[in-house]
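Asker: Sequence:
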Amino acid sequence: MKRKFLAVLLLASLTGCATLPVSGPVRIGPDLEPPTDSTSFYYSPATPVDGSSETEILAGFLAAGTAPQNDYAIAREYLSESIRATWNPNQELLIQKSTPQVTLTDSGIAFVEVEVTARVDANGRYETLPAGSTRTLEYTFSEQAGQIRISSGPDVTIVIRPVFDVVFRSYAVYFLDHAKSALVPELRWFPANPATGTKLVNALLAGPSDWLKPAVVSAIPTGTVLSLDAVTVQEEVALVDLSARALVASLSDRSLMKAQLVATLSQLPTITEVAISIERSAQDIPDSELAVSFGPNGTMVALGEDGLKAVSGAASDEIPAGLSFFGSREVTNLALSTSASKIASFTSAGVFETALDNPGSAVKLLDARTNLTALHYDPLGKLWLVSGSQVSVDSKPVVTSWLSGQRITAFALSPEGSRAALIVDRGATNQVLLTSVIRNQSGMPIELASPIALAAELSNPTLVSWFDQVTLSILTSKSDSSNVALVEIGGGTRLVQGLADARSLVALGDGSAMYLLKSTGELFAFRGSFWASIASSVSAIALLK
1 MKRKFLAVLL
11 LASLTGCATL
21 PVSGPVRIGP
31 DLEPPTDSTS
41 FYYSPATPVD
51 GSSETEILAG
61 FLAAGTAPQN
71 DYAIAREYLS
81 ESIRATWNPN
91 QELLIQKSTP
101 QVTLTDSGIA
111 FVEVEVTARV
121 DANGRYETLP
131 AGSTRTLEYT
141 FSEQAGQIRI
151 SSGPDVTIVI
161 RPVFDVVFRS
171 YAVYFLDHAK
181 SALVPELRWF
191 PANPATGTKL
201 VNALLAGPSD
211 WLKPAVVSAI
221 PTGTVLSLDA
231 VTVQEEVALV
241 DLSARALVAS
251 LSDRSLMKAQ
261 LVATLSQLPT
271 ITEVAISIER
281 SAQDIPDSEL
291 AVSFGPNGTM
301 VALGEDGLKA
311 VSGAASDEIP
321 AGLSFFGSRE
331 VTNLALSTSA
341 SKIASFTSAG
351 VFETALDNPG
361 SAVKLLDART
371 NLTALHYDPL
381 GKLWLVSGSQ
391 VSVDSKPVVT
401 SWLSGQRITA
411 FALSPEGSRA
421 ALIVDRGATN
431 QVLLTSVIRN
441 QSGMPIELAS
451 PIALAAELSN
461 PTLVSWFDQV
471 TLSILTSKSD
481 SSNVALVEIG
491 GGTRLVQGLA
501 DARSLVALGD
511 GSAMYLLKST
521 GELFAFRGSF
531 WASIASSVSA
541 IALLK
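Read in the UniProt record's numbering, the sequence shown has 168 at position 168, and its numbers run on one by one without any break.
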């Protein structure tokens, strides 16, 4: 015979009690960011009550998963001494959708079945799960000093979405592109508490996710660990003591290693500097020139009746109008590069390239095809062309074997050029994919690695751009409406109102602005909560970068 717990008991327990903010702006989903230097926003679940039944002990234990302070000290009080020290609540977090269903057997085993929407692994990787995903967790009980305690159970905590949004925060862990010339972020999620720095460094040492590995490296030698498994902070200086394996790094790599650690740890408000030691021996490591860029990825440029004109940035960012070149061509797409000093334009006669400082000079027909999907210059000044399932860079094909039978309908390179976002037509549906860019030793892209799917819940995605270094702007279109989804790579999704009949969507890449060009030629800028019309008779927009 089996008996069910009342679901309402678990629902009440999992919400717990909390001290929540009563002022400040309203935020949506995982974007909610509580202060990281305070524990006053944590939930405060109850400790075990003497005489509690298995039902009450399990409910209290699950509720205590909302309180990570002191390494989930309250939750551990519900455990028997045999597992209290070894239970690892940081191994996996489940975000539940509905009230868990709990069954207690006559033999004293409890089964908790929960529908989950997302999970976070031990290294902070957030994964959205398919609709209807469930997990079943098994717990056993024993008597300890006359009180019921949990004697076995998985290394898992469960929270509802509002709790996750308050307790956890997203942070970027920084790796290097293969040329070691740019920092490449990967988003991770951890509770905001004094142990966050340690978790961030451990995540960095563990390396990138599988999908990103082909495009990045780390200057920290493989196998390096924290010698004391703790990052301490003294007077805003993070003290990072690494194992002897770090000594393998060259002098130049040690500077890059420091750059990775500084970029990763300086997100915490209590840290402004990083001091590295190896097996307690202080290291005098010079700073690297690499740093996280918080500015726009470029200047927004629009092509109108008067030629090219900057619509973001200072007046000094304006470029020659180029009427002698553009006036005789019907341009529908643009790419501009300061590193290559070139402009590429897609016209009814193909792709033409000309000089950036003097449009109309040194004109070349690069590609006579008239069915291109996208064109982009990467940070090295190499021109990407996308058509159907074919991708080329400087007229050389890029391997995309996994694209067989699929057509690319939108394409966007990340600001540093190590990642690419695509929308592919799979017949009945469009899908958003994220891939890493594999380059040879000279920096030439040679392959797009096997991708991961993003934002499966979005209906009919049509356009994509990089809102910032870890967030995509994705336009979804229906017959009567559209939205722009801001999709964190390894995080949540936030929707803002879009505009119908959109032809191009371009973001500045620093989270500050988006621009949308309608088929009518009207150009709009997103002003935080609404779209404002800023120009008309525009034929193409692009970032000058």
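Any given hint could turn out to be false.
[Said to hold, decoys possible] Calculated lysine-lysine pairs in the PhoX-like style (CA-CA distance at most 20 Å, straight line):
hint: 1; residue 1: Lys-213; residue 2: Lys-180
hint: 2; residue 1: Lys-396; residue 2: Lys-382
hint: 3; residue 1: Lys-382; residue 2: Lys-364
hint: 4; residue 1: Lys-478; residue 2: Lys-518
Honestly, the hints are just simulated from the structure, not real lab data.
Asker: The structure should be examined with respect to each hint, and the outcome stated for every one.
Answerer: Each hint, compared with the structure:
1. Restraint check: the Cα-Cα separation between Lys-213 and Lys-180 comes to about 14 Å, which is no more than 20 Å; the hinted pair holds.
2. Between Lys-396 and Lys-382, the direct Cα distance comes to roughly 11 Å. Compliance with the 20 Å bound is thereby established for this hinted pair.
3. Among the hinted pairs, Lys-382 with Lys-364 is consistent with the structure: their alpha-carbon atoms are about 15 Å apart, no more than 20 Å.
4. For the given pair, Lys-478 sits about 15 Å from Lys-518 by alpha-carbon distance, which is consistent with the 20 Å threshold.
In this structure, every one of the numbered hints holds.
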